[in-house]
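Peer 1: Produce the entire structure from the sequences given, and follow the hints as far as they go.
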Amino acid sequence: MLGVHPGVLVVLVLLISAFISPVLDQFKFKRFSIFAIGVSGIVFALSIITILRVNSLGVEYYHFGGWTPDKGIEFIFGELEALMLLLVSGMFFVVYIYNQKKIRAEISKHLRGWYFTLAFMLQASLSGLILTNDLFNMFVFIEISALTTVALISINENRDTVFASIKYLFLTAVGSSSVLFSIGLIYLLTGYLNMDLAGMELIELAGMYPAASSMAMLFMFFGLAMKSALFPLHIWLPDAYYSAPTISTAIMAGIVGKAYIVVFIKVFYKVLSINFFEQTNLANITVIMAGIAIIFGSLFAIGQTKIKRMLAYSSVAQIGYIFLGIALATESGLTGGILHIINHSIIKTLLFLTVGVIIIYTGAENIIDFQGAGRKYPFTMILFSLSALAMVGIPPLNGFMSKWTIAMGTLEAEKPLYLVIIILSSLLNGVYYLPIIIQSFFGGDEELGYNWEFKRLGFKIILPLITLAALILLIGIFPSYPINYINRIVFSLIS
Amino acid sequence: MINLFHFVLILTLIVVVISVAKIKDLLSAVILFAVYNLIMSLLWQQMRAPDVAITEAALGAGVTTVLLVAAISKTGRLEK
Amino acid sequence: MKFRDTIVSIITRFMLPFITLFGLYLIVHVHLSPGGGFSGGTVVGAGFVLLSLTYGISMQERKFSHRTSTLIESGGALIYIILGISAFIYGQPFLSNLPIFPAGTPGRLFSGGFIALLNIAIGVKVASTIVALFDSLGGEDLH
Amino acid sequence: MIDIVVHPNIYYFASIVLFLIGFYILLTHPNLIKKVIGLNVMDSAIFFFFVAVGFVSDGGSPIVEAGSEALTVNPVPSGLMLTGIVVSVSVTAFALAIIIKVYQHYGTINVEEIYVVRSEREC
Amino acid sequence: MERILLSLRRNIAVISSYLQRKIRLRWAVALIIFWIILTGSFDWQQLIVGILLSFLITTYWGHFMLSDIQAFLVTRKNILKLFHYFYKFIIEMVLANIDVAKIVLSPKMPIEPTFICIRLKPEKKISRVLYANTITLTPGTISVYMVDDELVVHALTSDAAHNVSGWYMEDLMCEIEEKGIVNYE
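These protein sequence lines are chains H, S, R, X and D, in that order. First residue of the first sequence? That's 1 in my numbering, and the numbers climb one at a time after it. First residue of the second sequence? That's 1 in my numbering, and the numbers climb one at a time after it. First residue of the third sequence? That's 1 in my numbering, and the numbers climb one at a time after it. First residue of the fourth sequence? That's 1 in my numbering, and the numbers climb one at a time after it. First residue of the fifth sequence? That's 1 in my numbering, and the numbers climb one at a time after it.
Worth flagging that the hints you see were computed from the coordinates, not collected in a lab. Watch out, some of these pointers could steer you wrong.
Just some of the chain R residues that point at chain H, by a computed CB distance under 8 angstroms [to be verified]:
# : residue
1 : 67
2 : 71
3 : 77
4 : 88
5 : 92
Below 30 angstroms or equal to it, Euclidean Cα-Cα: the simulated DSSO-like pairs (lysine-lysine) are [what the hints assert, rightly or not]:
#  : chain 1 : residue 1 : chain 2 : residue 2
6  : H       : 109       : H       : 460
7  : H       : 109       : S       : 74
8  : H       : 30        : H       : 109
9  : D       : 22        : D       : 81
10 : H       : 30        : R       : 63
11 : X       : 101       : H       : 306
12 : H       : 415       : H       : 270
13 : R       : 63        : D       : 124
14 : H       : 376       : H       : 460
15 : D       : 88        : D       : 124
16 : D       : 121       : D       : 22
17 : H       : 28        : X       : 101
18 : R       : 63        : S       : 74
19 : S       : 74        : X       : 101
20 : D       : 22        : R       : 63
21 : D       : 81        : D       : 124
22 : S       : 24        : S       : 74
23 : D       : 22        : D       : 124
24 : R       : 63        : H       : 109
25 : D       : 125       : R       : 63
26 : H       : 460       : H       : 28
27 : S       : 24        : X       : 101
28 : S       : 22        : S       : 74
29 : X       : 101       : S       : 22
30 : X       : 101       : H       : 30
31 : X       : 101       : H       : 109
32 : R       : 63        : H       : 28
33 : H       : 109       : H       : 28
34 : X       : 101       : R       : 63
35 : H       : 460       : H       : 30
These numbers come from a predicted model, not from an experiment. Just so you know, even glycine gets a beta-carbon here, dropped at the ideal spot from N, CA and C.
Peer 2: Listed below in structure tokens is the structure:
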């Protein structure tokens, strides 16, 4: 059927459930967690169908309202989009299952319906952001996701969250404004808002109007880098990640930033491609910024005393890796970048979820409090260690594969300095992750035996944690399948 | 070729915005900002975009001003 | 505390129906003249804001309670999506015009397919959102 | 109407000037409400830019009468800007709501004073 | 005694509901006229939607519109008076505009802003408000605040302030009120 595409249904189902939840809330509906699991399960199934359909039928376009692409909004279902859609809906599914118990502790009762409205809206806007092939529609989805993210940060109102959210709101609004300005310039130059058509026009026009096109590029770069927290523009990130409730943080760290990076890839490889990689120096500047991000993110992380802040700064470094891979614009570099989007999403989500378990049961927010936590909560801390090691890049785990591929990319681009930076940063990662692991298992004074906590955690928390850990291992041990898939994406993007 | 009226409106806009930036009293700044939005909507009407003009007049000059005044009445009037 | 100025209260009572009608005019005439769901909804919502500014939040609560506004807000969005989805029945993409809404002659009111219906949904949502926004920003202290 | 000869790019120039003034307000004023105003100025400058992109000198309003084929301005940018204005207003409303919360928690809406309050608490 | 009171009250309720229906109909007519002015056409599609919306609005705002304003000012008896009033009003407005322009343009700027409080002769709220708005619309004076029959007026010069009390327009308004307003209660 022409009318129904599973990928479009993803967005629609989410929007409908977002608007149904306040109605249900008014009628004293209680079981929002189960409702959320159901909806996100459906969405997850739909995105699996989407990726299968893309595999069998190739790239498909969906035109809203039956308008032609030069007039109307267009969704694209390519391989990159399908993969990222699967990532987003999978991560949300996992986080919702985990939410079951967590939400009772962190979010007060009368806000739960509201919380799920926001989360559904966020997921819908992120899915739309990934799928859309229209520049202005992209802007609208960016704004929706920004607003819902701020609302998710400040859902528990206290001194830290209001400050973090106002900071994030201002910076993200500046970012959106500059994205919109850039879209205006692109529209002025080409007369199209469709990404493919505008990109096609820009190939010829960029040479004729270098000032306007490079300005469009600069504004777009500034806006998207601000949103995805590339190093000097990351200042909103630590506050936001630290003060938000842990479930919101897991969503933000694992998924929200990644969607903006996907948009970055789409815009800079499809629309502004020629400009970006041949006529200007912006790609080189991005590489340098990414290198600084990798080093300084890790250095800042070492200095932190709060565990969530440390993880936030580690995110800054990892976003640097992703941008490094993207901006190198070589085959391996881009492959590594996209693979690292997936890997970092999985690893960071698992890190925040495990830390969330510890925070919920012990209230430990400082790194020092983690002494001996491994003996009280061995299962959680083993998974924490696994993901931390994956983040450092220990060989059989997935973090190693993406870092390795990015390192190959630096050699392909003949920038060996960045290989050194990657190795150095891995060492720095080790410096701040390993002490926590060692302290948690061997530190502390208490003479506690190992006390497995399966009963206390319950199935609904263990299942998502184990799933994510299994994914880390699977991608680490059998990297060829995802890498082959991503290679196809990269081939279509670079050619 | 450009209409003289447009030119005058644009100059007024810039002057108003600079005075918004310079004024210390927040309430006056908000009222000047409403003036700015009204001039903007007039300009858009002159530039043959009537639907944007009507939306700007309703939202930019109306709702935004009301919300800003509400916020100022809750926080404080003078910029320190 | 009630605002006791007779001029404002009488004029509010006198103007409110006209304000509402003007908002509805903007919403219904979306495909014929400038305006549309958003501007019209804002005008209607501004009428309610005027009401609560003049007579206090209690009067507004009587006419348009918080619960109603929440329900209507979600309802407007849901109507929009359902109208869009109903195109699936005819095998058309999302938000296509349905065959049951003929295009009509341009320039007359019953033309433009279901655009007017979509804008009514938008207008309903926007009006209730404006009211909710004003309430949540603490409009009750202003009058 | 009187016409004077100025380059038509004055619209783009003006919008960029307004954008920069808005950005200046956003950056230099420590007061949060002033920052919100600056943000709005920036946004409306961009909307102005879009309207200018669609503007055709001597074009009529894009309201189609039956059978007429007069020159009209491009309706697409102004249609987009409707959405843009909506988005900007919702960001403003949200920012103001959070600003009121900031005032309740910190007793001030001046960013520099908020930093002072925060650093005092951490010491 | 109680029974009599009760029946009286019920009668009043019946009368007032009848009147409300009548007044509601008048409101609907006014709204439809407004609608026709807005749309500028007599197309049957427009008219149907207009009538529908007008009745929708009158049913929604119904009680609110009517609970205080007991009746319309316009009746068959006083419509000529009203036209006369508006005629005088426009003349006054032009004259006062010239006055204010003189004051503003003169280099000395002889302004002495004053507040005065006057007692209004008209008895109905609606006619008071109409009179207060007349004062506002004639330049140089602005009616600031009105409670019951006290009206605070801000005037640009003391002459204007003196002229406001005992203005002949007020007597005109009283005449309109006497002839026009049927006291329904």
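Peer 1: Are the Cα positions of residue 63 (chain R) and residue 28 (chain H) separated by 30 angstroms at most?
Peer 2: Holds - the C-alpha atoms of residue 28 (chain H) and residue 63 (chain R) are around 23 angstroms apart, at most 30 angstroms.
Peer 1: Taking only the CA atoms, is the gap from residue 74 (chain S) to residue 101 (chain X) under or equal to 30 angstroms?
Peer 2: Holds - the C-alpha atoms of residue 101 (chain X) and residue 74 (chain S) are around 10 angstroms apart, at most 30 angstroms.
Peer 1: Run the distance test for residue 28 (chain H) versus residue 101 (chain X): straight-line Cα separation, threshold 30 angstroms.
Peer 2: Roughly 27 angstroms between the alpha carbons, so the hint for residue 28 (chain H) and residue 101 (chain X) holds.
Peer 1: Please verify whether residue 415 (chain H) and residue 270 (chain H) have alpha carbons no more than 30 angstroms apart.
Peer 2: holds (24 angstroms)
Peer 1: Hint check: residue 22 (chain S) vs residue 74 (chain S), CA-CA at most 30 angstroms. Holds or violated?
Peer 2: holds (22 angstroms)
Peer 1: Is it true that the CA of residue 101 (chain X) sits at most 30 angstroms from the CA of residue 30 (chain H)?
Peer 2: holds (28 angstroms)
Peer 1: Within a Cα-Cα threshold of 30 angstroms, do residue 88 (chain D) and residue 124 (chain D) meet the stated pairing?
Peer 2: With Cα atoms ~21 angstroms apart, residue 88 (chain D) and residue 124 (chain D) stay inside 30 angstroms; holds.
Peer 1: Holds or violated: residue 63 (chain R) and residue 124 (chain D), Cα atoms, limit 30 angstroms.
Peer 2: holds (26 angstroms)
Peer 1: Decide if the proposed pair is consistent with the structure: residue 30 (chain H) and residue 109 (chain H), CA atoms, cutoff 30 angstroms inclusive.
Peer 2: Roughly 9 angstroms separates the two Cα atoms, so the pair holds.
Peer 1: Just to be careful, I want the Cα atoms of residue 121 (chain D) and residue 22 (chain D) compared with a cutoff of 30 angstroms; is the pair within it?
Peer 2: holds (28 angstroms)
Peer 1: Verify the interface restraint on residue 77 (chain R): the C-beta must sit less than 8 angstroms from at least one C-beta of chain H.
Peer 2: Constraint on residue 77 (chain R) satisfied, holds at 4 angstroms.
Peer 1: Check whether the Cα positions of residue 63 (chain R) and residue 74 (chain S) lie no farther apart than 30 angstroms.
Peer 2: holds (26 angstroms)
The structure fails none of the hints (numbered hints given earlier).
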